[in-house]
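> Start from chain A and add chain B according to the hints.
From first to last, the protein sequence lines are chains A and B.
Be aware that the first sequence starts at 2, since it is given in the numbering used here, and climbs by one per residue.
Be aware that the second sequence starts at 2, since it is given in the numbering used here, and climbs by one per residue.
Do not take every clue at face value.
Listed next, the in silico SDA-like pairs over lysine to any residue satisfying Cα-Cα at most 20 Å (straight line) [said to hold, decoys possible]:
| id | chain 1 | residue 1 | chain 2 | residue 2 |
| --- | --- | --- | --- | --- |
| 1 | A | 183 | B | 92 |
| 2 | B | 105 | B | 115 |
| 3 | A | 253 | B | 105 |
| 4 | A | 183 | B | 202 |
| 5 | A | 233 | B | 179 |
| 6 | B | 183 | A | 218 |
| 7 | A | 127 | B | 190 |
| 8 | A | 218 | B | 212 |
| 9 | A | 253 | B | 190 |
Since the hints were made in silico from the structure, they are not lab data.
Fair warning: this is a prediction, and the values are worked out from it, not measured in the lab.
There are 2 protein chains.
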Amino acid sequence: MNLIQKINKELKATTRILVASHQNPEGDAIGSALALYHHWKAEKEIQVFNEDKVPYFLSFLPGVELIKHKLTELKRNFEMVIVVDCANLSRVNDNFSKFIEGRKIINIDHHQTNSNFGMLNLVSAKASSTGEIIFELLKKSGKRLNPETAICLYTAISMDTGSFQYINTSYNSFKTATELVKLGAKPNQIARAVYHSHPPARLLLLCQVLATLKFSKDQKRADLTLSQDMYKKAQASPEMAEGFINYLTSIKGVEVAMLFRQVGKNQYKVTFRSMGKVNVARLAEELGGGGHHQASGATLNGNLEQIKRQIRVRVDNLIKRYK
Amino acid sequence: MNLIQKINKELKATTRILVASHQNPEGDAIGSALALYHHWKAEKEIQVFNEDKVPYFLSFLPGVELIKHKLTELKRNFEMVIVVDCANLSRVNDNFSKFIEGRKIINIDHHQTNSNFGMLNLVSAKASSTGEIIFELLKKSGKRLNPETAICLYTAISMDTGSFQYINTSYNSFKTATELVKLGAKPNQIARAVYHSHPPARLLLLCQVLATLKFSKDQKRADLTLSQDMYKKAQASPEMAEGFINYLTSIKGVEVAMLFRQVGKNQYKVTFRSMGKVNVARLAEELGGGGHHQASGATLNGNLEQIKRQIRVRVDNLIKRYK
Numbered sequence: 002m003n004l005i006q007k008i009n010k011e012l013k014a015t016t017r018i019l020v021a022s023h024q025n026p027e028g029d030a031i032g033s034a035l036a037l038y039h040h041w042k043a044e045k046e047i048q049v050f051n052e053d054k055v056p057y058f059l060s061f062l063p064g065v066e067l068i069k070h071k072l073t074e075l076k077r078n079f080e081m082v083i084v085v086d087c088a089n090l091s092r093v094n095d096n097f098s099k100f101i102e103g104r105k106i107i108n109i110d111h112h113q114t115n116s117n118f119g120m121l122n123l124v125s126a127k128a129s130s131t132g133e134i135i136f137e138l139l140k141k142s143g144k145r146l147n148p149e150t151a152i153c154l155y156t157a158i159s160m161d162t163g164s165f166q167y168i169n170t171s172y173n174s175f176k177t178a179t180e181l182v183k184l185g186a187k188p189n190q191i192a193r194a195v196y197h198s199h200p201p202a203r204l205l206l207l208c209q210v211l212a213t214l215k216f217s218k219d220q221k222r223a224d225l226t227l228s229q230d231m232y233k234k235a236q237a238s239p240e241m242a243e244g245f246i247n248y249l250t251s252i253k254g255v256e257v258a259m260l261f262r263q264v265g266k267n268q269y270k271v272t273f274r275s276m277g278k279v280n281v282a283r284l285a286e287e288l289g290g291g292g293h294h295q296a297s298g299a300t301l302n303g304n305l306e307q308i309k310r311q312i313r314v315r316v317d318n319l320i321k322r323y324k
Numbered sequence: 002m003n004l005i006q007k008i009n010k011e012l013k014a015t016t017r018i019l020v021a022s023h024q025n026p027e028g029d030a031i032g033s034a035l036a037l038y039h040h041w042k043a044e045k046e047i048q049v050f051n052e053d054k055v056p057y058f059l060s061f062l063p064g065v066e067l068i069k070h071k072l073t074e075l076k077r078n079f080e081m082v083i084v085v086d087c088a089n090l091s092r093v094n095d096n097f098s099k100f101i102e103g104r105k106i107i108n109i110d111h112h113q114t115n116s117n118f119g120m121l122n123l124v125s126a127k128a129s130s131t132g133e134i135i136f137e138l139l140k141k142s143g144k145r146l147n148p149e150t151a152i153c154l155y156t157a158i159s160m161d162t163g164s165f166q167y168i169n170t171s172y173n174s175f176k177t178a179t180e181l182v183k184l185g186a187k188p189n190q191i192a193r194a195v196y197h198s199h200p201p202a203r204l205l206l207l208c209q210v211l212a213t214l215k216f217s218k219d220q221k222r223a224d225l226t227l228s229q230d231m232y233k234k235a236q237a238s239p240e241m242a243e244g245f246i247n248y249l250t251s252i253k254g255v256e257v258a259m260l261f262r263q264v265g266k267n268q269y270k271v272t273f274r275s276m277g278k279v280n281v282a283r284l285a286e287e288l289g290g291g292g293h294h295q296a297s298g299a300t301l302n303g304n305l306e307q308i309k310r311q312i313r314v315r316v317d318n319l320i321k322r323y324k
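Here chain A stands alone, though its shape is the one from the complex (with noise of 0.2 Å):
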């Protein structure tokens, strides 16, 4: 019996069942969570908890109002919990390690840095998302996936792979992608919700930010800057600038973006993308933060003038190392 096989025949043998996912979640932790939910809804009682509000581009899904924000809101009834999209256990909650504490964990992830909690590990870092993996699992489970469960899993690939544009973006992408418009999703409409129904505040939050475009002379560094000023100004909430530093690396020539975030009087939060060459994972180390290779960021005290210029001056050295 293979591992997807003893995960159904677990599921099958459970009735109360909690699903949780990931703080901050993105359309990968809420699809999979929820995705699950209306695969099994009718057979059996199933919780879903994420600790965080869920972002106004994904409450267009189906069975978002029944998520759970406090552990204290759940019924402790359950006998298994099915833990998706989180590297480790507390990724879903500090304390939650603990509130499930005897039960069973299925682990459903596609991080490669999955620290397999689980009593059962479905696991792949091949995958573009975990809803891809959670995909396999249900056809599996010897039951047709219902219209909510295809729109919930085609949002998290969807996401997760940048509507089909990331590196992740594979063959089983899009061979998933396709027996899911089958079976109910619908991309216009999916991504209409998920890509193209911003408040008007975003886009006065955006216009501020772009007026504070800054190029290097040559051109391979750039950053922009939000302050706290703008979010009033444009009457905007942080999530809304979500994805803003992608209009730094999206221009040719680029190898280093920056986003400098105000997020207290004198504290700024640098936010790095790399396009591949320079190391932005080992700066932010050395800024007293963290991340990967191409994705990093860290959190400074002090004048915003200063950081910038000391930030830029040492990206530049890094950059010109790889000339």
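Structure of chain B alone, referenced to chain A:
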């Protein structure tokens, strides 16, 4: 024998072919034309014609350097013309009809308004793109598609579906993309080239244009303005403004979006987009222009502020009717 078989039979019996597509080409026009070239290049003499320059975001396509841009550069010994992605022959060039007189014409297109000008007309308005239709044709040619052909067709489909987001994105679009990935198209590499390789000048232009953002009070109408000074200041060319209007249609609640673009000293081109309720074709016609229900445009002479004021009032009245 069905139409595809007939066309493949004609193709096999022919050695010298001219492939042509429309002026102001985008991904579907260039991708479809070059796909035909790559599929048959080993056995046939194929010339590719396009009146206009290939835009920067398509310059990565294999074979673009072979495209001829003047009729006088073409050898006149071709026996057959394949016209792709054109509703009628005048879309190729004003003199094209005369130029190809006496040759067999194969017409492959997905525009509803296609005039069936060919000897054989492979036209399907249901297809997302001409690329999707050409895939069906080549698949039944008895030859396996090579990677260059797959890259060209994938680009055609990706661009005409807005990276699998527009209303024309169907089950078959995904099915075709899946097969093209298997044949060698790399989604991430193509997306980077097509969507994320903008010249820095484009972002400098966007900054200025977004600063002109104007909403109506109820935020159902939004517009942007692009002056010739802005091109100068950003050292940008008009092709870089492609897609700017989509920033407005991506806002929840916007019913009509407009871009006022200066084209002469006192001359402005107004582009309209409707989210579906308001018929902007009618409005454009009244202003001496034309287009479709959801996308239209007109060119106006006069003072910019007066033009804006007048058109905003008309649009607001149209929106009110559909409340």
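> A separate judgement is required for each hint: does it hold in the structure or not?
Here's how the hints hold up against the structure:
1. A/183 <-> B/92: Violated, at roughly 36 Å.
2. B/105 <-> B/115: This hinted pair holds, its Cα atoms lying about 18 Å apart.
3. A/253 <-> B/105: violated, 42 Å
4. A/183 <-> B/202: violated, 42 Å
5. A/233 <-> B/179: Between residue 233 of chain A and residue 179 of chain B the Cα gap is close to 45 Å, so the pair fails against 20 Å, i.e. violated.
6. B/183 <-> A/218: violated, 41 Å
7. A/127 <-> B/190: holds, 18 Å
8. A/218 <-> B/212: Not OK: residue 218 of chain A and residue 212 of chain B at ~24 Å, beyond 20 Å, violated.
9. A/253 <-> B/190: holds, 13 Å
Figure legend: structure checked against the earlier numbered hints; hints not met, in rising order: 1, 3, 4, 5, 6 and 8.
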